[in-house]
Amino acid sequence: DAMVIQNPRYQVTQFGKPVTLSCSQTLNHNVMYWYQQKSSQAPKLLFHYYDKDFNNEADTPDNFQSRRPNTSFCFLDIRSPGLGDAAMYLCATSTDGGGQPQHFGDGTRLSIL
Amino acid sequence: SQQGEEDPQALSIQEGENATMNCSYKTSINNLQWYRQNSGRGLVHLILIRSNEREKHSGRLRVTLDTSKKSSSLLITASRAADTASYFCATEGVNTDKLIFGTGTRLQVFP
Chain A
1 DAMVIQNPRY
11 QVTQFGKPVT
21 LSCSQTLNHN
31 VMYWYQQKSS
41 QAPKLLFHYY
51 DKDFNNEADT
61 PDNFQSRRPN
71 TSFCFLDIRS
81 PGLGDAAMYL
91 CATSTDGGGQ
101 PQHFGDGTRL
111 SIL
Chain B
1 SQQGEEDPQA
11 LSIQEGENAT
21 MNCSYKTSIN
31 NLQWYRQNSG
41 RGLVHLILIR
51 SNEREKHSGR
61 LRVTLDTSKK
71 SSSLLITASR
81 AADTASYFCA
91 TEGVNTDKLI
101 FGTGTRLQVF
111 P
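Here the protein sequences line up with chains A and B, keeping their order. Residues in the first sequence are numbered consecutively from 1, following this note's numbering. Residues in the second sequence are numbered consecutively from 1, following this note's numbering.
Think of the hints as simulated: they come from the structure by calculation, not from any bench. Please note that the accuracy of each hint is not assured.
Cβ-to-Cβ under 7 angstroms is the rule here; a few derived chain A residues that face chain B [as the list claims (entries may be wrong)]:
hint, residue
1, L45
2, L90
3, G98
4, D106
The beta carbon of each residue, even a glycine, is placed where N, CA and C say it ideally should be.
Construct the entire structure; sequences and hints are all you get.
Given below as structure tokens:
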């Protein structure tokens, strides 16, 4: 089945230790999104790619970066995680961006020790 | 910036009852979407309603949109225990391909 897959489902890292979360898709969608969702809150968009074009949200901390080496894969890098970065990170895809539903992976829950 | 506000924040009902959730937003939109999120899982798209539509149905789901009041409602009829989840509205603004999610409603359906 075509889907969005996030690995790992759970990630534990130490304060200040870089961490990378991955997302892959078999939907062949050209738009990929990364959201941060803290407990009992709405998902908050960090950035998105329209094909290779990277779009950063104005309030996304510099600590967060992303790579999209090809259509199928997208990575979220957190350079120096702080305690406030503990959250669920959700990857989503859509076709053509506008007016289309987004398809989400099951997320990676990140814990910071 | 969080555009959508949902109410109630939490809703508890018995199986078989109807559940209604409301969403209000602030600026002009191209469309409004509803998503479901089971605990610890990703979001699942339920229904999309465009700004020129007033009502849409999908199975037991009924969504209304009132652009003059900048509000939408999601009705789940004949609820089941499996409907227990958080429900989020999300708006797509004009000239953007981004969604802004509301605060969500936590629905608990008791068997």
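Item to check | Index of numbered hints that the structure contradicts, given in increasing order | outcome: Going through the list in order, the structure violates no hint and respects every one.
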